[in-house]
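Working from the sequences, and respecting the hints, build out all of it.
Number of protein chains: 2
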Amino acid sequence: MSPEPRLLEVRKNVLKQNDVVARALRIRFHAAGVFVVSLVSSPGSGKTAFLEKTLTMLRSHYRVAALVGDLATENDAARLARSQAPVKQIITGTLCHLEAAMVQNAVEEEGWNLGNLDFLFIENVGNLVCPSSYDLGEDLRVVLLSVTEGEDKPLKYPTIFNSADVAIVTKSDLADAVEFDWEATQRNIQAVRPGMRVFQLSAKTGDGMQEFFGFLAQQLAESRTVAAV
Amino acid sequence: MSPEPRLLEVRKNVLKQNDVVARALRIRFHAAGVFVVSLVSSPGSGKTAFLEKTLTMLRSHYRVAALVGDLATENDAARLARSQAPVKQIITGTLCHLEAAMVQNAVEEEGWNLGNLDFLFIENVGNLVCPSSYDLGEDLRVVLLSVTEGEDKPLKYPTIFNSADVAIVTKSDLADAVEFDWEATQRNIQAVRPGMRVFQLSAKTGDGMQEFFGFLAQQLAESRTVAAV
Numbered sequence: 000m001s002p003e004p005r006l007l008e009v010r011k012n013v014l015k016q017n018d019v020v021a022r023a024l025r026i027r028f029h030a031a032g033v034f035v036v037s038l039v040s041s042p043g044s045g046k047t048a049f050l051e052k053t054l055t056m057l058r059s060h061y062r063v064a065a066l067v068g069d070l071a072t073e074n075d076a077a078r079l080a081r082s083q084a085p086v087k088q089i090i091t092g093t094l095c096h097l098e099a100a101m102v103q104n105a106v107e108e109e110g111w112n113l114g115n116l117d118f119l120f121i122e123n124v125g126n127l128v129c130p131s132s133y134d135l136g137e138d139l140r141v142v143l144l145s146v147t148e149g150e151d152k153p154l155k156y157p158t159i160f161n162s163a164d165v166a167i168v169t170k171s172d173l174a175d176a177v178e179f180d181w182e183a184t185q186r187n188i189q190a191v192r193p194g195m196r197v198f199q200l201s202a203k204t205g206d207g208m209q210e211f212f213g214f215l216a217q218q219l220a221e222s223r224t225v226a227a228v
Numbered sequence: 000m001s002p003e004p005r006l007l008e009v010r011k012n013v014l015k016q017n018d019v020v021a022r023a024l025r026i027r028f029h030a031a032g033v034f035v036v037s038l039v040s041s042p043g044s045g046k047t048a049f050l051e052k053t054l055t056m057l058r059s060h061y062r063v064a065a066l067v068g069d070l071a072t073e074n075d076a077a078r079l080a081r082s083q084a085p086v087k088q089i090i091t092g093t094l095c096h097l098e099a100a101m102v103q104n105a106v107e108e109e110g111w112n113l114g115n116l117d118f119l120f121i122e123n124v125g126n127l128v129c130p131s132s133y134d135l136g137e138d139l140r141v142v143l144l145s146v147t148e149g150e151d152k153p154l155k156y157p158t159i160f161n162s163a164d165v166a167i168v169t170k171s172d173l174a175d176a177v178e179f180d181w182e183a184t185q186r187n188i189q190a191v192r193p194g195m196r197v198f199q200l201s202a203k204t205g206d207g208m209q210e211f212f213g214f215l216a217q218q219l220a221e222s223r224t225v226a227a228v
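As you go down the protein sequences, you meet chains Y and P in turn.
Each residue of the first sequence is one higher than the one before, starting from 0 at the first, in numbering that gives the first Met the number 0.
Each residue of the second sequence is one higher than the one before, starting from 0 at the first, in numbering that gives the first Met the number 0.
The set of hints was computed from the structure by calculation and includes no laboratory data.
Hints are supplied without guarantee of correctness; some may be wrong.
Identical chains blur together in the list; that is why a pair holds if it fits in one copy or across any two.
[What the hints assert, rightly or not] Result set (SDA-like, lysine to any residue): computed pairs, CA atoms no more than 20 Å apart in a straight line: (1) 52 with 150; (2) 87 with 61; (3) 11 with 23; (4) 87 with 151; (5) 87 with 154; (6) 52 with 198; (7) 52 with 177; (8) 203 with 91; (9) 52 with 62; (10) 203 with 179; (11) 203 with 151; (12) 11 with 95; (13) 52 with 151; (14) 52 with 178.
Since this is a predicted model, take the numbers as computed values, not measurements.
As structure tokens, this is what we get:
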């Protein structure tokens, strides 16, 4: 009686098709020499504030652009455009995640010359579940977690932490106000993703941002060294 | 080439089946005289803190119980059990929402006599997208939004706000620290759900909780009056 097996089968086909598109995207990104960073988190973790600060601060040294996914509104693209970097909104309608084909379409619609970019950021829809299974062709997937969300989120949403490469704890300026427990958070992240690198920062005050930028610069340099070999 | 129409069709069947179970649950809840409140929000909005405080404070006047959904861990049930109220954890695995059948199974497994309850609370999985389409047989659906998440969430996740009956703005104790804009939030909620009643409270300090309890008591009384007619 349960229709679930059929639903699972159809989902698998959707995922398989997504992987094909994502693989093609990744090859294209590498050929162009652009390093692609995707951001996933729950709604309200501060992805957009972090990305606005990142675009603004990186712009003087690197060529940057961003794609931003939401179910509705162009609000985030408008916010990010204040950074003066090229930004494109992707509206997903009722879908709780971006798919590789949406990224591909957005890049084509904008006519961006990927060879002219150092970093392309992709902000996913705010969701700690759906985006985990969809490869977007990115080089680095970053999961963000704000100090106000509670230390147990990695244990409750292990799949998304497992699908990510690094974690960022955001809104560190509010850590004291919410009695944030940094050690418990570290312990929970390491429990679901042993060895995961974790950054702690505040987009509002700028604290900790430079450390993350140093990491990004290193990642970009390494990816281009590998490509050149 | 796109498998989406088929996926949508299968999803519709899942939803239809869910509606049948939800309808039966609602009839059963009404016959037992228990008022059922479900909570939806993004991860980290404070659903569990709010529910713990609610169970603790309501317990002296009402017979209360709670079901709590999560992808993984029994953490929330353990937290809620501190209220001394009967609590049951529902683990959803990879599913980003509760379904009516899970509620039905949980009630049966626990062997709760629904006629002995005034309020049954159901805390959904933390997600602003998936839970919106699944009727759980509840009388009242409450969407929670914390002051730290940003004022634009109703515009970005209109469907979940549309599927809810009332909204609660949580963590009001942090409103000043994050320069929360109450009027913008109200405007955005009313834009997607005109006339929606909105409560503002802090489970930490207790501010605003009594106003919400007054509303619940009134809802319970009204539902029993209707049932008796």
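Practice item. With 20 Å as the alpha-carbon cut-off, assign the pair residue 203 and residue 91 to within, between, both or neither. Key: neither (28 Å within a copy, 36 Å between copies)
Review point. Between residue 52 and residue 178, at a C-alpha cutoff of 20 Å, which is it: within one copy, between copies, both, or neither?
Key: between (25 Å within a copy, 18 Å between copies)
Check your understanding: At most 20 Å between C-alpha atoms: does residue 11 with residue 95 qualify within a copy, between copies, both, or neither?
Key -> Classified as both: same-chain Cα gap 17 Å, cross-chain 17 Å, threshold 20 Å.
**Study point:** 20 Å Cα threshold - placement of residue 61 relative to residue 87
**Key:** within (18 Å within a copy, 52 Å between copies)
Practice item. Evaluate residue 203 and residue 151 at a C-alpha cut-off of 20 Å and name the case that applies: within, between, both or neither. Key: between (24 Å within a copy, 18 Å between copies)
Review point. Within a copy, between copies, both or neither: where do residue 52 and residue 198 come within 20 Å Cα-Cα?
Key: Within one copy only: 15 Å inside a chain, 32 Å across chains, cut-off 20 Å.
Point to revise | Homomeric proximity label, residue 52 with residue 151: Cα distance no greater than 20 Å | key: between (27 Å within a copy, 19 Å between copies)
Review point. From the Cα coordinates, with 20 Å as the cut-off, is the pair residue 11 and residue 23 best called within, between, both, or neither?
Key: Within. Shortest intra-copy distance 19 Å satisfies the 20 Å Cα cut-off; inter-copy 32 Å does not.
Practice item. At 20 Å max between alpha carbons, let me know whether residue 87 reaches residue 151 within a copy, between copies, both or neither. Key: Answer is between; shortest inter-copy Cα gap is 19 Å, intra-copy 33 Å.
Practice item. Give the relationship of residue 203 and residue 179 under a CA distance limit of 20 Å: within one copy only, between copies only, both, or neither. Key: For residue 203 and residue 179, both the intra-copy (17 Å) and inter-copy (14 Å) Cα distances are at most 20 Å.
Check your understanding: How would you classify residue 87 and residue 154 at a CA-CA limit of 20 Å: within, between, both, or neither?
Key -> between (33 Å within a copy, 18 Å between copies)
Review point. How do residue 52 and residue 62 come out at 20 Å by Cα distance, when the copy is not named: within, between, both, or neither?
Key: Within one copy, since 15 Å is at most 20 Å while 49 Å is not.
In the structure shown, a violation is registered for the earlier hint numbered 8 alone.
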